Amino acid sequence: MNPTVTALRAGVLRGGIEVRHTLRSPQDLWNYFFPNLAFLVVMFFMRDATVPGTNFSLGARTLPSVLGGGLAFGALVTMMMALTVEREDGTLLRAKAIPNGMLGYLVGKVVQVSGMQLVSFVLLVVPGVFLVDGVELRGAGSWLTLLWVLALGLVACLPLGAIFGSLFANPRNVGVIMLPIMGLVATSGIFYPITNYPVWLQWIGQAFPVYWLGLGTRSALLPPEVAAVEIGGSWRHMETFGMLAGWAVLGLVVAPIVLRRMARRESGSSVAARKEKAMQRIN
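FYI, in full-length UniProt numbering the residues of the sequence shown are 1 to 283.
Possibly wrong hints are sitting among the right ones.
Here are the computed distance ranges between Cβ atoms for each label pair [to be verified]: (1) R24 to N196: 41 to 49 Å; (2) L167 to A97: 21 to 29 Å; (3) G139 to R265: 48 to 56 Å; (4) I17 to N196: 43 to 51 Å.
Since the hints were derived computationally from the structure, they do not count as laboratory data.
Quantities reported herein were computed from a predicted structural model and do not represent experimental measurements.
By construction, the Cβ of each residue, glycine as well, lies at the ideal position given by its N, Cα and C atoms.
Produce the complete structure using the sequences and hints provided.
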């Protein structure tokens with residue numbers, strides 16, 4: 001059998017096993033459940049507020065935005081944290097020692113992160129539809145839009161998470177990039193219409209996939225008239241597809257290069273040194 005196909009199959013199986021382990025871990029499930037619960041509470045109390053210039057509920061407008069923005073944030077951060085933690089504990093070094101092991105490892109991580117992000121999506125959207133009025137899937141077109149936006153958004157964000165994760169050998173240093181990512185989410189029109197921000201901030205938000213994921217999920221779950229508060233007064237599906245596809249291509253080209261260079265630097269001595277430093281901090 002082709003070694004690449006074998007590595008891909010092993011990666012898919014590994015990812016499925018990790019998803020099942022996560023679903024059986026109360027602590028891991030709580031880490032996914034609690035943020036979604038907090039978002040639902042916030043949106044419930046926002047249900048009587050309205051989007052500026054309309055009579056539409058701000059809570060209903062925020063729910064699909066959080067679905068898209070949360071998917072982007074989760075894909076970036078979860079992939080980034082997984083790589084840094086498993087680089088420190090030697091998992092990446094063991095994968096490197098197996099033929100096509102890095103390919104299988106990355107495929108497994110993609111399956112795991114994608115699976116758990118979809119679980120988070122369901123945890124938020126199912127109760128959210130009952131808590132706030134105005135959010136609904138209006139037919140086959142809405143379902144199709146939601147599916148391609150989510151799929152393309154994951155492909156756009158997961159490689160970026162892998163790139164960022166490969167830059168840090170110590171998980172405790174990941175906080176350096178967490179604040180910029182959180183700031184990006186805040187300025188991408190997730191919690192408030194981006195048209196109310198300064199023009200220069202609108203351009204920054206539109207340069208990254210978080211904004212386009214939020215816009216795409218809003219287009220699938222909200223009535224057409226709500227598009228009036230968006231840039232250009234429309235859902236801009238072509239632009240959404242183009243930007244997400246562009247980020248996906250960029251990530252898929254750059255991520256393997258960065259990861260191969262990171263893997264070449266890994267050795268038994270470097271892993272042992274990081275473990276020793278970690279033990280010193282504990283003691």
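Which numbered hints fail: The structure conflicts with no hint, since it agrees with every one listed earlier.
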